[in-house]
Amino acid sequence: MAEAPDVRAGRLSPAEYERNFADAHPPLTAQQAMVEAVRCLFCHDAPCIEACPTGIDIPRFIRGIQSGNLKGAAETILEANVMGGTCARVCPTDVLCEGACVRLAEGKKPVEIGALQRHAVDWLFERGIQPFTRGPITGERIAVVGAGPAGLACAHALARLGHEVVIFEKRAKAGGLNEYGIAAYKMVHDFAQREVDFILGIGGIELRTGIELGRDVTLGELRRDFAAVFLGLGLQGVHALGVEGERLAGVQDAVAFIERLRQTRDLSTIPVGRQIVVIGGGNTAVDVAVQSKRLGAETVTIVYRRGPEAMSATPAEQEWAKSNGVAIRHWARPVAIEGVDGHVRAVVFERTPLDGAGRLEGTGERFTLPADQVFKAIGQKLVPSAFNGTAELLDVENGKIVVDAERRTTLDRVWAGGDCIAASVDLTVAAVEDGKLAAASIHRYLMGG
Amino acid sequence: MADLRCEIAGVKAPNPFWLASAPPTDKEYNVVRAFKAGWGGVVWKTLGEDPPVVNTSSRYGALHYRGYRMMGFNNIELISDRPLEVNLQEIKRVKRDWPDRALLVSLMVPCTEDSWKRILKRVEETEADGVELNFGCPHGMSERGMGSAVGQVPEYIEMVVRWCKAATRMPVFVKLTPNVTNILAPARAAKAGGADAVSLINTINSVMGVDLDTMAPLPSVHGKGAHGGYCGPAVKPIALCMVGEIARDPECRGLPISGIGGIETWRDAAEFIAMGAGSVQVCTAAMHYGFKIVEDMITGLSNWMDSKGYRTLDDFRGAAVPNYVDWGQLDMNYVVKARIDQDKCIRCGLCHIACEDTSHQSIRKIKENGKRRYEVIEEECVGCNLCAHVCPVEGCITMVEVETGLPYVTWAEDPRNPQRLAKAAE
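So the sequence lines, in the order shown, correspond to chains X and D.
Sequential numbering of the first sequence, starting at 1, is according to the numbering used here.
Sequential numbering of the second sequence, starting at 1, is according to the numbering used here.
Pulled out of the complex, with its shape left as it was, chain X reads as follows:
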């Protein structure tokens, strides 16, 4: 007979919480930054620039660090990516800029571009320098729905061009997943809010929180009242596992857990199980797994239905999970969740090798993992109620908004970007680029270009 579920808060001492949730990758010292900057070859037409979704001129900003032009370095970064500070902390650099570094081709360690980027942006933030100014005021007003990376990047770019922006955000704070959805040890010292303040600091952007699209305001009203609308909605709905026992206590959405963890002032109030099972293969799965381990869970196992190469968590993230004592099991899917007295106690998995056509095949072969807490991290979806009250409908494909290369939706004067669009790759840096592209397109449209 299984023991009673063991889900408790306060498993660790205050010092342990502090240590476990301190900066996962502490900033470089000035000397470390110099040593690292000197490793940059200053490639012509550099592969790292191509690998960055926002196209930051990486060799140029690293040269600025080398020459002691930290302000110039930070400006080069922020010019291309106003969220360069967050991206320096959360980007999967191993598959983006650093993965393209020519030093790798040489058989050497890539230049630590992410850490250098953080060095430069932190320098600017610590000095409270605001490098951006608004262009001549155009008098045009644009509505941005969602104050996540896409919405903020779009609003910032529009404000720079002299437009007025109103951001509608349903939560209490701006920042989107930077504030609510990323592991705490990647975004210490309230960095998400500091960055929001920096972005809004340009002026011309009004932030209205507590306003939800489809509930407090409709898309129809926004189209009526504003010259253009940008939807940076993110994804709010969580996919269901569709297995028996999913409603048992202790079976939770990973995103909701991370959100609570990010918003608490006292980590010792967050209950965590002794034995944890995480279902999924993305960065959210890793974030929830590692954070629950660091809250004091004894065993944490990520179970993913395919192999490591198919996981959307990058190789570096998978390594990070393993080095934190998280086990990763592949080729298995949940078929039932078992409980005791209404609370989860175990998850039953079925092994899932590929069939000849590359599809997953249920083998009937099963194994059971004990669990007193189960986190679902199998992706999110758009909530259709967001479009309540809209007479004409946006084209939505596979649960995401269809856009063209300029991030225009099928609805006149409505643009979209970030995780809610069909082309999305669920990265902060990609959302920023969406916001930039949409802002440029909106500007061309409004200015009759």
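A hint or two may mislead.
[Stated by the list, open to error] With a straight-line Cα cutoff of 20 angstroms, these simulated EDC-like cross-link-like pairs (lysine to aspartate or glutamate) come out:
id: 1; chain 1: D; residue 1: K292; chain 2: X; residue 2: E50
id: 2; chain 1: D; residue 1: K36; chain 2: X; residue 2: E221
id: 3; chain 1: D; residue 1: K308; chain 2: X; residue 2: E50
id: 4; chain 1: D; residue 1: K95; chain 2: D; residue 2: E124
id: 5; chain 1: X; residue 1: K293; chain 2: X; residue 2: D266
id: 6; chain 1: D; residue 1: K292; chain 2: X; residue 2: D57
id: 7; chain 1: X; residue 1: K322; chain 2: X; residue 2: E126
id: 8; chain 1: D; residue 1: K36; chain 2: X; residue 2: D57
id: 9; chain 1: D; residue 1: K292; chain 2: X; residue 2: D45
id: 10; chain 1: D; residue 1: K12; chain 2: D; residue 2: D314
Keep in mind that the hints were calculated from the coordinates and are not lab data.
Dock chain D against chain X, hints included.
Chain D only, in chain X's frame:
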């Protein structure tokens, strides 16, 4: 944003970053790329009389110092090897298309007044902003009685400058060779001849190394090597010294200087300007990384000027010159002592052994409970800075000023100076 505009000897440019006369400024294609990248001016690669020179294959040598590529660089390339007419047409076109950029034309012809007159007339037709007389090139052309062969004889410099000033309305810059015992002699000669400005330094006589298998000096051409012109980051200290010598020389007062030598970053440029330069010229850094480096030079200089409250280059131009003095004017009562930050010390022992073996035995090595530790013996430390230079940890060893309460005393006034005592006894 600081104002980076510069004007030197009547030649104006949007910024002080110019490309020196060299391969990067050899033709329209390169120069246009440079202007697009943001360079404020160029000195077109040296023109001579037709028929053009012929260059060797294998021209550059480099000193790679422990992982740092091209810390020093040299070349045995001659002046432009393209027909004069082609160069002149391109210069004219570039000046027409880029009127706001400085465009000087470097010249080197045989040492006769007619030769100089002829070529100056041709250059005037291009409407270039000025000319730079190449009296500096140390290799190849000097064997033909041009380049540094002229630049090493002050009388020749003065004579040719005089010819040129008489023959043209264009500002005349004189590019000086550092391959002399005292840079002031050629600089004063240039000024006496009426030069509008001097550019320095040209490259330094050098052999980059010897191939120990073939016993060929480097760079080698078919097993043989000739001396070439040395440049790159390694020569900056020599260049700064020569620029400073001219800037503080009473006889050269007012003679504008275009600074050259190992300039790779905005900081190098700022140092040359602080030492009196009106513009700077760059070559090796561009040859290493391409023209794009000027972007960081521009924003870096501008940001630094903003941080110091300098609005224009004139606000700090020459600011270091009054502080550049002879040894005899230094304060004999100034005292610094090394201080080791024990929290930063990584116990490598380099400071100790440098001091112990080669300096003043003032860093003690202590072993306590199996742990090493290094301490400065203050009474012994003469404040030479050696330990701070060998220390691999930034900010670990600092040289701290000791308050002596004594006045500024030069050697001439110092009681320890026997000449002073002799003088006092007279």
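* Checking against the hints above, which ones are violated? -> The structure breaks hints 2, 3 and 7; every other hint is satisfied.
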